[in-house]
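Undergrad: Which chain is which? The protein sequence lines are A and B, in order. Numbered by the working numbering, the letters in the first sequence go through residues 1 to 321 in order. Numbered by the working numbering, the letters in the second sequence go through residues 1001 to 1217 in order.
Mixed in with the good hints there might be a few duds.
[Stated by the list, open to error] A short, non-exhaustive set of chain B residues, derived as facing chain A with CB atoms under 10 Å:
#1 Thr-1074
#2 Pro-1077
#3 Leu-1078
#4 Leu-1081
#5 Pro-1119
#6 Ser-1173
#7 Gly-1176
#8 Glu-1177
Think of the hints as simulated: they come from the structure by calculation, not from any bench. Glycine residues also receive a C-beta, built at the ideal position from the N, C-alpha and C atoms.
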Amino acid sequence: MVPDALAGFARVHADLVVHDETAGFFRARNPAAGRRVAIVSGGGCGHEPLHLGFLGAGMLDAVCPGQLMASPHNRQVFEASRAVSRGAGVLHLVKNYTGDRINFGIAAERLAHEGIDCARVLIDDDLASDSPDSATGRRGTGAAVLVEKVLGAAADTGLGLRELAELGTDVAGRCRSLAVASAAHRTPATGRAAFDLAEDDLEWGVGIHGERARRTESRPALDELVTRMTEELLAALDPGAGDSVIALVNGLGGVTRLELYGVARELALRLDRWKLVLERVLVGDFVTALDMRGFSLTLMRADPETVKWFDAPAHTPSWPR
Amino acid sequence: MRRFAASVRATEPQLTALDQRVGDGDFGTNLRAGLDASVRALDRTAALSPAVTGRAGGPLRTVATVFLDGVGGTSGPLFGLLLTELALAAVGPVLDVPALRAGLAGGLAAVQRVGEARPGDKTLVDALYPACEALRVCPEQVGSRVALAHASRAAWEGVRLTARLRARRGRASYVGERGRGVPDPGAVGIGLLLSSAGGVLTELPPSVTEPAPECPD
């Protein structure tokens, strides 16, 4: 299924992307002229449009897709990074999962041996996996899209590797996400649900790989649900009255756009009540978990520069603006 | 390296049995596939001119690339990193004590940079770290064979101790308490690598395969 889908993607978006089938990566056909540092990301398939949909001028230079919900091999990351390096270094955007960290890390070691400078921005925005007992830390989820957009725009202005890495770490640190689901995704091989959930129940704090959440509870009304989610996110981000935020209302693959706009309304009302300035909102499927019936909310504390980079043009298969 | 391949071939059923208890059961198969491919690559390069094959660390470099590129899972490429550092440390055709020391320490540092495991997390670091320590205190005059014997003894002792640990990183961290009593397969791989330099090991040391006595944290 994955190789066919990747071939299809290459065919459909041939004006924007180039597929290196042997080495297992995609690169942007027409990156912005001013860019010096190459930005490389990747991760398991099943999260479309992440990351392939954000490949192109204004966002990513190369993407390494893994197998279904599995990290890419270090060889893919190494070859992709080498192919798009322009001599000013390569920045890896890595979602915090053990496999991704290790494979990108091994690739970085290999790049160092070849004299290619490499830095990493770790994306770890998921509140549900925020626990002092965990050695692995928060998972990386919805914030990946926002970080890719902001860093892509910044890189197009010609910033260097260290500046971008520092900016990326700062931006990633200003994002938190939380996801809920009322039904699991179906495992493609069997067509069966990855886990069972009663009709009126809700998984609170799911990830993007079909792993169960820590908590199952009976499903509250939408306004109550969004209120609780927003409050948890704001408690973690701790913005003050008058601060700016950018929001991502993200479908996990099995909810309609119509429902997501309903969620967006509730979120906007809560932010108004907290006297926060909602600068921009993205609504749609951006970081999915196959056809999981659920959604995630991501909030990013923004400043005028972040908003400017968010608004900068991007020519990729899936960036909506 | 050929002896390492022979050791892994001989002990693959034991390795697989270990990994079935704490991981997903593919470690022995992956390691064996990587080593078989390495031996084929070495055979191919042996046909080249001595100028190529005699380059310091050349054969190790060949094997490192096979592991980095071709071996599945996480531990295979981590072995590739270790072998890369050993190859980079080589100054002559044979690894002398300073090169072994520098290569193994460089490998440990690279593996830790990438995997972030510390001693006690129940990973291959638990074998590699004591081996590095043993080499660090080993005088240079003893020669590489004796130094390697020290290093592998320290590594196997580390492997034995992993059985008492609860995994904090790696695949074995998912089985929690159920992994208690089973040594870490990745650490066993390090033990085999180091003892293979001295000769072919056809079975794992009994202290490793016997279940460790239950002990509290």
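Undergrad: Quick one: which hint numbers does this structure break? Sort them smallest to largest.
TA: 5, 7 and 8
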